[in-house]
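> So the chains spell out like this:
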Amino acid sequence: QQQVKQSPQSLIVQKGGISIINCAYENTAFDYFPWYQQFPGKGPALLIAIRPDVSEKKEGRFTISFNKSAKQFSLHIMDSQPGDSATYFCAASGNTGFQKLVFGTGTRLLVSP
Amino acid sequence: NAGVTQTPKFRILKIGQSMTLQCAQDMNHNYMYWYRQDPGMGLKLIYYSVGAGITDKGEVPNGYNVSRSTTEDFPLRLELAAPSQTSVYFCASSYSGGRQTQYFGPGTRLLVL
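Read top to bottom, the protein sequences are chains A and B. Those letters in the first sequence? Residues 1 to 113, by the numbering used here. Those letters in the second sequence? Residues 1001 to 1113, by the numbering used here.
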């Protein structure tokens, strides 16, 4: 119930294409869904986050789509660029107790020039 | 602001040795965390702290210990290192829990032989 399942494990997209990474969860107490971006040799950094009261959030080329009934959310990267090549982690946290972040297993994205 | 700093960057340990991974933050954050990152496994929470003098176990605490004597510092102690502790360790901090952004350090790569 505490898991966040992320797919695909790796993704290759051509420059200018759309990258799509999907996550699914079981715990209905989760109410905060961030995405973290990690470049090689660096720590993860918050990219974008959404709460379940909206179905979509957009920041520049990055969009989170959220489907509460299906308990799924996804990251779309429009006009993907080689500089977007990184590992992306979805995560979720609840609204009771410690509210720890539960991370997905990560997706390694490579955007080819 | 230096943010979250970690030392050392890389260390090789022999089985049975002990060491302390250092973590410091200068953002006056109350919450601090230790994660380990293994290939294909995402980020697993080892220990966390909600303030000086208060620590608690995460998902994978066995073989580790922590202390939090100040707001700034949150060292992670490995006793009797084992090959299973070969990993990349990340320290993170946030103002509070759950929905607050976690800021990660650059990581410590540990190899136990």
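If you are wondering where the hints come from, they were derived from the structure by calculation, not from laboratory data. Please note that a few of the clues may not be correct.
Stated by the list, open to error - According to the in silico footprint, chain B covers these stretches of chain A (three or more CB under 8 Å from chain B):
id	region
1	18-25
2	39-51
Stated by the list, open to error - Heads up, incomplete: computed chain A residues facing chain B, CB under 10 Å, no partners named:
id	residue
3	4
4	7
5	36
6	101
Claimed, not checked - With a cut-off of at most 25 Å between alpha-carbon atoms, the simulated SDA-like pairs for lysine to any residue come out as follows:
id	chain 1	residue 1	chain 2	residue 2
7	A	100	B	1112
8	A	100	B	1070
9	A	68	A	7
10	B	1014	B	1112
11	A	42	B	1060
12	A	42	A	71
13	A	15	A	32
14	A	42	B	1027
15	B	1057	A	70
16	A	58	A	70
17	B	1057	B	1001
18	A	42	B	1100
19	B	1014	B	1028
20	A	42	B	1086
21	A	100	B	1084
22	B	1009	A	94
23	A	42	B	1096
24	A	71	B	1022
25	B	1044	A	82
26	B	1014	B	1054
27	A	42	B	1019
28	A	58	B	1084
29	B	1044	A	15
30	A	68	A	15
31	A	100	B	1016
32	A	58	A	37
33	A	100	B	1020
34	A	42	B	1016
35	A	15	A	37
36	A	42	B	1010
37	B	1014	B	1001
38	B	1057	B	1016
Fair warning: this is a prediction, and the values are worked out from it, not measured in the lab. Ideal Cβ placement from N, Cα and C applies to all residues, glycine included.
> Holds or violated: are the alpha carbons of residue 68 of chain A and residue 7 of chain A at most 25 Å from each other?
Within the cut-off at roughly 18 Å; holds.
> CA of residue 100 of chain A to CA of residue 1084 of chain B, is that 25 Å or under?
At roughly 24 Å apart (the allowed maximum being 25 Å), residue 1084 of chain B and residue 100 of chain A satisfy the hint.
> Check the hint pairing residue 1014 of chain B with residue 1112 of chain B against an upper bound of 25 Å on the C-alpha distance.
6 Å, holds
> Can you confirm whether chain B covers the region 18-25 of chain A, using C-beta to C-beta distances below 8 Å and requiring at least three such residues?
This one is violated; 0 residues, fewer than the three required, reach chain B with a Cβ under 8 Å.
> Does residue 70 of chain A lie within 25 Å of residue 58 of chain A when you go C-alpha to C-alpha?
20 Å, holds
> Is residue 58 of chain A within 25 Å of residue 37 of chain A, Cα to Cα?
Given that 25 Å is the threshold and the Cα spacing comes to 16 Å, the pair holds.
> Does residue 36 of chain A pass the interface check with chain B, least Cβ-Cβ distance below 10 Å?
8 Å, holds
> Regarding the pair residue 1014 of chain B and residue 1028 of chain B, is the alpha-carbon distance no greater than 25 Å?
At roughly 35 Å apart (the allowed maximum being 25 Å), residue 1028 of chain B and residue 1014 of chain B break the hint.
> Holds or violated: residue 100 of chain A and residue 1112 of chain B, Cα atoms, limit 25 Å.
It is violated: about 28 Å lies between the C-alpha atoms, which goes past 25 Å.
> Quick one: see if chain B covers the region 39-51 of chain A, three-plus residues with Cβ-Cβ under 8 Å.
holds (count 8)
> Measure nothing beyond the straight line between the CA atoms of residue 42 of chain A and residue 1096 of chain B; if it is 25 Å or shorter, mark the hint as holding.
Roughly 23 Å between the alpha carbons, so the hint for residue 42 of chain A and residue 1096 of chain B holds.
> What's the verdict on residue 42 of chain A and residue 1010 of chain B, does the C-alpha distance respect the 25 Å limit or exceed it?
Cα-Cα ~13 Å, so holds.
Violation of the numbered hints given earlier is confined to hints 1, 4, 7, 12, 13, 15, 17, 19, 22, 24, 25, 26, 28, 29, 30, 31, 34, 37; the remaining hints are satisfied by the structure.
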